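Visitor: Protein sequence lines correspond, in order, to chains A and B. First residue of the first sequence? That's 1 in the working numbering, and the numbers climb one at a time after it. First residue of the second sequence? That's 1 in the working numbering, and the numbers climb one at a time after it.
For the record, the hints were derived by calculation from the structure and aren't laboratory data. Fair warning: there could be bad hints in the mix.
Some chain A residues close to chain B (C-beta under 10 Å, calculated; not the full set) [as the list claims (entries may be wrong)]:
(1) 39
(2) 45
(3) 71
(4) 253
Coverage of chain A stretches by chain B, computed from C-beta distances (three or more under 8 Å per stretch; other residues unrestricted) [to be verified]:
(5) 101-108
(6) 115-121
(7) 229-243
(8) 279-289
As the structure is a prediction and not an experimental result, all values here were calculated from the model. Note that CB positions come from ideal geometry on N, CA and C, so glycine has one too.
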Amino acid sequence: MGNPTKSFQFPWLNRKGRDARSARPASPLWDVFGLLPMLAFAFFFMLLPASSLVFGAFQGNDGQFTLQHFADLSQRFIIEGYRNSIQVSLVTALIGGVFGFILAYAITLGGLPPVVRAMVTTFAGVASNFAGVPLAFAFISTLGRTGLVTVVFKSAGYDLYKQGFNLYTFAGLSLTYLYFQFPLMILIMAPALDGLKREWQEASENLGANGFQYWRYVALPIILPSILGTMVLLFGNAFGAYATAFALTGGTLDLVTIMIGAQIRGNVLYDPGLGYAMAIGMVVIMAFSIIIYAWLQRRSERWLR
Amino acid sequence: MNRFRYWSWFWLAIGAIYFFLPLVATAEFSMRAQKGTLSLLAYQRVLEDKEFVSSFLFSLRMALLTITFGILLIVPTAYWVHLRLPRMRPLVELLTLLPFVIPVIVLVFGMIRVYSSPPFLMTTTPATTDILLVAGYMVISLPYLYRSVDVGLRAMDVRSLTEAAQSLGAGWGTILFRIILPNLRTAALTGALLTLAIVIGELTLAQYLARPAFGPYMNLLGKNRAYEPAALSIMSFALTWAAMGVVYWLTRGEQAQIGGGH
């Protein structure tokens, strides 16, 4: 320990004051072995499956390298699938984001009693985790053809389904996704809004700003990266969702996740390589949104912490 | 300010309606199994169904295995990063974020491709397929479990505890299981309950690995029956509620209870 050459050889492991505080002398190389279980797990159950799809996507039926599968992604029904998925994710991220933000504002700065905040946070925690098959059932019981709301409206002389509403389509799916989307927004935005310091408002009031000016020029610029970042998170949340959509529509709605599922079940595309390429396309979009999220998150941490 | 409060209540009311209406509708629907009267017949039928019991117990078993192995993997790793490898933190955090990048449907697709043929043939027997299922569940719950353990470790003096234990002659096993883990019980329990809530009704992995879990059972019931799915939905909701309630109580609402598995 304390060997300068060793520290030089492994500069990324060199920590200030290490000699004095280290619990037990050990070589830096030995330290890294402690990460082996995690690295092995990540390799076998995340990286290997993902990279296997990447290899498959670049491999033709004859085993040769090809870009054909990615070129095939431009077929109309696949573009349609991606468009539907992106559309549902964008709409629910936007509506869920705005609505969630308003509620987060109401329970933090909106002058409601503290007990309301505790209740809303608990409800939001439950709702953001209430997804998949049971959520689909709940919405079928509510807005399905014989659901309570549909029946009540019908007895009041207004037939939702005759007016063009259908739970098993784009609008219905969006409405269902919102049930876990906007609570997630509340859960993330409420602490962020807490980070707006009272002094900032007081300072801007002392400088003669009115409420609107405070929000437009002080609070919003500080909170905006956080809002946008969380909306990106909501986008990814909906984009990768499979179970809710599958249970709701029985796999009839053309979303990317549903199409990949059909591909796993029985080669409906008659082309496994195309399925791999679709999966890789999803990973690329997800990675992209996580990177944007991380970037926005870092920006928001400049002020809110 | 008063006008503001008025609007706050207004939006809160809208949110409450959106939150409660599906629950009320589902509860009402679930009690309509007997014509003309409200009854608990659907619940009774569900509870008497042998498949309900067996699939629920199967998923519960998988959830417990996921929690056990998840904690065995994550607690030592997070502890080691805190104690010895703070510079590796970005790498480990990146790994724990990977599940957000790989959607579950893609994960199971890749797993089937890798593990249904040599050299890693695992999908042929139930026992080895269950290993894949638990590993997949560990992947899904990795971000949540890691985060809550990490928060727990931040709250204690890992270095002093380790040195004190070592100067009393404790080995690494003793330190981890008798010093660190007991101090992490709130964090571990929080993570465990979130994992339970995610895993118990999970559909995607179980469906494509063809295991008799609760998620596929619910989905099948949804296709064949009218009122039982509503009853199941209410029961699932109660379960989620119980898990989240305990999480909230454990953390006093300080940690956002964010799960996944949509």
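Visitor: Next, verify each hint and record whether it holds.
Guide: Status of the hints after comparison with the structure:
no.: 1; hint: 39; in the structure: 8 Å, holds
no.: 2; hint: 45; in the structure: 5 Å, holds
no.: 3; hint: 71; in the structure: 20 Å, violated
no.: 4; hint: 253; in the structure: 14 Å, violated
no.: 5; hint: 101-108; in the structure: holds (count 5)
no.: 6; hint: 115-121; in the structure: holds (count 4)
no.: 7; hint: 229-243; in the structure: holds (count 8)
no.: 8; hint: 279-289; in the structure: holds (count 5)
In this structure, the earlier hints numbered 3 and 4 are contradicted, and the remaining ones agree with it.
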